[in-house]
Structures are given as structure tokens and as C-alpha cells.
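S.K.: Read top to bottom, the protein sequences are chains A, B, C and D. Read in order, the letters of the first sequence are residues 469 to 625 in our numbering. Read in order, the letters of the second sequence are residues 469 to 625 in our numbering. Read in order, the letters of the third sequence are residues 469 to 625 in our numbering. Read in order, the letters of the fourth sequence are residues 469 to 625 in our numbering.
Keep in mind that a hint or two might mislead.
What the hints assert, rightly or not - Some but not every residue of chain A turned toward chain C, in silico, with C-beta under 10 Å: (1) Thr476; (2) Asp487; (3) Lys498; (4) Glu506; (5) Ile575; (6) Arg594; (7) Val595; (8) Gly625.
To be clear, the hints were calculated from the coordinates, so they are not data collected in a lab. For glycine and all other residues, C-beta sits at the position ideal for the given N, C-alpha and C.
Now for the letters of each chain:
There are 4 protein chains.
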Amino acid sequence: MAAASAPTIPSAIHLGDDDLPWIDAAPGTKLKVLLVRETEGLWIIRNRFEPGVTVQTHRHTGPVFGYTVAGAWKYAESPDVNRAGSFLYEPAGSVHTLTVPESNPGITDVWFQMYGSNLNLDAAGRVEAVIDGRLVLDFYLAACAARGLPRPPVLVG
Amino acid sequence: MAAASAPTIPSAIHLGDDDLPWIDAAPGTKLKVLLVRETEGLWIIRNRFEPGVTVQTHRHTGPVFGYTVAGAWKYAESPDVNRAGSFLYEPAGSVHTLTVPESNPGITDVWFQMYGSNLNLDAAGRVEAVIDGRLVLDFYLAACAARGLPRPPVLVG
Amino acid sequence: MAAASAPTIPSAIHLGDDDLPWIDAAPGTKLKVLLVRETEGLWIIRNRFEPGVTVQTHRHTGPVFGYTVAGAWKYAESPDVNRAGSFLYEPAGSVHTLTVPESNPGITDVWFQMYGSNLNLDAAGRVEAVIDGRLVLDFYLAACAARGLPRPPVLVG
Amino acid sequence: MAAASAPTIPSAIHLGDDDLPWIDAAPGTKLKVLLVRETEGLWIIRNRFEPGVTVQTHRHTGPVFGYTVAGAWKYAESPDVNRAGSFLYEPAGSVHTLTVPESNPGITDVWFQMYGSNLNLDAAGRVEAVIDGRLVLDFYLAACAARGLPRPPVLVG
């Protein structure tokens, strides 16, 4: 097996800050979808949250990695506050409720690299909805189209 | 950064065919749990199915890899039959219903390497139960204990 | 985000025991390449080893999972012998030398699910060659073509 | 299998901006190591680069995800410039040479989530050194100790 690998792999694939539009995903919540590798269960998004936002309690079926750029947010289940420069590791199986303080002076900005699905839970802990990369990608592309925007260059593999 | 890595990693970790007991998991279905890495969402099991078994329709939130050792089984949604030597790739997001033909002359034996959760679906496609590595590990350890067996050496990380 | 996921994912993708040809990869060593997901660093192969085979000492940069179907083999660094029904977990960073006993009465048959690269090491521990999924896929496809076989249906993603 | 999962998983694990010290890793290059999951081959670091830094050409054996917080940097092999808000996907097998422009007015700050190893290549493309999570963790812990700092709370699993 002496043959060298063919150079089929690019050196890297870049998405700049302005390459993807922000879309309203929920009241006070904007969304960009950067990468969805559906068959792997991998999806990477970026959110901007206004003060006072809460996200429904959910359980992750795979690990999640959060990189916070600006603002302040926390999980109701923990005292830790994510601020600019915070790194967050969410193990598979973790359950939490994202909250953004009303007292925040500005926008909160976070990248989430997620594996698997978010299982949205009702008050009794039952699965009310399943959010995954495919669903979020479909939503994002449809919302861009509805705004008359060209298809955004989400990395889809 | 010239220092060499410390030799903290074993050369490999082995589980022989008889190192873990078979446990009845459902009618006609035996189970071994080989490895559960809960925070990664990774679980590896081995099943033995008698002829005629059906497993509830489920959706995977991560990819699954199936290695068939003996027998015959298929997904109701596909014509392909898994036999000794079959390899099966199940992408994240795949939905299927495992069936083992009544006409099989003997046992069907399969390893499944699974990432994420199995979302068991009712007839309307709603999530009825969430099966993951932690749940299956807890079941397996409890069943071994209930049979008076020593704690099996499942690889847990 | 109420839209349902589009049904773009197949229920599973099957490769039967005879769907891929065996190719001579080294003296006493036959190879099938089942799946290569190059950008993930994932590759799944199946090997058949005659008695007496040794594979160069190598280090894995990702985890590996071995499923043994027949025969007997071991790593020189460990007393454990893999036989039919053995499961082997090789953590990222593990280093080992695969050996197949001369005394084996028949063929040894193993599936390996591998992440990352194999770094082949010389006697001084220096990296002599890097083996990865792309390289092995290129070798396998070229060897099939050289034998006049049609392009095998390796799962490439 | 009706038993509920035990609540063994934390809701998340947080590292704030000031929880880990910056260490000099090379001229003009500071380093924090946030997470090392050695057996998975996963490591997450953060770098701060002064203007003019170049990192040796290397090949990745697994995928890498880059999140840029400040400054500007690029790979010599591509025209794209990573700035604040850039996301970079580096597939397994990618080869590149990180450069930070001399003309940058300030510090460049990037998180890298990496799977597998970095194979540092000499001018002829031979592997000169293998950099992985374990090696970088050992370096980081030793450097902290040498500076008289307490053991930093790197997430090690």
C-alpha cells in the first residue's frame, strides 16, 4: 500500500461573520446555521439572544460544546454564568434550561457545536419535540427563502 | 513542546465471548452490553434474536453500525436481509423496524455500535420512549444482580 | 420551527458478505473496505489473516473497535487472545503489534471500525508511514480495477 | 427496560474566561487547554497569536473546528482570512500552514476543537512530530507547575 493519498481534501472551509444571514428563530432569538452533517448527527449553529430569553428545557442525546462570544447566559440548573470567553461542555444525557438574564445590557452571542438531537421536555419530563440538525437546516433555508435571500452557504455534508 | 506522551493508554481492552452473560431483554431477545461511554453517547451491545422477533420502530439520533455474526434479520422498511458477514450502516436520523423471520432455523446474532439515542415511535410517529446507553447499562447491571451474577466487566468510560 | 424533517435519510445501507471482493493487501492478509467517511476520519475494513501474520507496530490517533468473527489473534503487548465473539476496544493513542499465531488451524476474520490514522512506527518509535481511510480506499479500488473487477460498492461519504 | 436513567450527568460543565492561565507555547503564541478526552482523541484549546506568527505545516487525522474571537489569521494554502466571528471547518486529512499577518494591529484569539492528531510535516512532507491532546495537556500542566501555578481545571475525561 505505497500509493499516496489523492489531494481530495481542501485545506479548510471558511465561513466569515457576514457570510450567513441572521434569522429570527423565536422571540428574542436569532439563528445562523453554519454546518449540518446529517448522517453524523452533527450540527453547528450560532445564536443571538436578547435579554430575558428562555429556551425550553431539553435533553441532549450527544455531547455539545458552547463557545460564548458576548453577553451573559446560564442554565437554570447551575450557578455558572457564561460570558465572553466562556467554554461550556455539555455531556450526552445532560438536561438543562437556557436562560438569559433580563438585566443584560446587550446581546448574548454563542456558538453551539452539537451532536445528536435536542429532546424538548414538557413539565412532566416527556419528550414534546425532537430538534435536530436536519430540522433546523430546513427551517433556516425556508426562512432565508421567505425573506427573498439567496440560499445561504451552510456547510452541508 | 518536546516532551513525549506518558504511556497512560493500554494497548487495547478485550472482552471475550464468555466474559459477559446473556440477559433476557424482551421475549425472544437476549442482550449483552459491552461498552457504554455515556458522556459521548456511545454504546455497544450484542443481541441474540429467536425467530419471529420484532423490535419497535425507532429513530436514531446518531449513526449506528451493525455487524451480523449469524442468522438472518431485516428492517421492514428495506428488502435487504442481514446474514452472517453482513455490515449495516444506519445514518443518524434513520427510522426502521427490526424483524427476524419466523422461518429462521436458528439464532440471529448481531453487534450494534450505536451513537446517540433510540427514539421509540408509536403508530403516529410520536416519541414513546427514549433508549440510550445509560438506560440499557442500568437495566443490564440490575438484571445481572437479580440473577445473582457478579457485576459484569462492561467497559464504562 | 414546526416543520417536520424531510425523509432524506435511508432506513439503513446494507453490504452483504459477498458484495465486496477480498483483495490481497500483504502476505497472508486479505482486505475488504466497507466504509470510508474521509472528512470524519472514519474507515471500516474487514481482514482475513492466515496463520503467522504480523502487522507492523502502529499507533492510533483515534479510537478503534474490533469485532472478531473467526480464528485467533492478539497484540504482542497484551496476553489477551481475540477469538470468535471477541470485542476489542482500542483507545486513541494505543500502540500495538498485531500477531496471528502460527499454530492457528484456519483463517482469522475481523472487522475493524477505525477513527483517525494508523501511524506505523519503526523500531525507534518514529513514524514511518501514515495509513488512513483514503489511502486504504485508493489501494482497494486500484486493486479491484487491476483484477478486472467492477468498482466495488464501498460506502463512501 | 422501564427503569429511568439515573441522574449521573451534570447539566453542563463551565470554564470561564479567567479559569485557566495563558501559557507561552511558542514565540508569539499563548495557549490554554480547555478539554482533553484522550481515549476519544478529542482536545480543545484556545490560542492567542501575536502578529507575524507562523505554525508548522501539519496534517490533521481527524476533523477540526475553529472559532475565531478576535484578530486575523489564515492558512497559507487558502485566500480566506479568519476574523472575529469566523467559523472554520477543517476536514480530516486537511493540510495547512497557519499564518498571522505581520500587519495585524493586535492579538488574534481562536478556539480549536480538534479530533485526532496533528502530524507536523517537514519540507518533504515527512512526519516530523505528532502533536495530540495528551502531549499538549502534559506540556500545559508542566508549564503551569513550573510557573508556580495551581493545577488548572482542564476538563480531562
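S.K.: Checked against the structure, which of the hints given earlier come out wrong?
M.R.: 2, 3, 5, 6, 7
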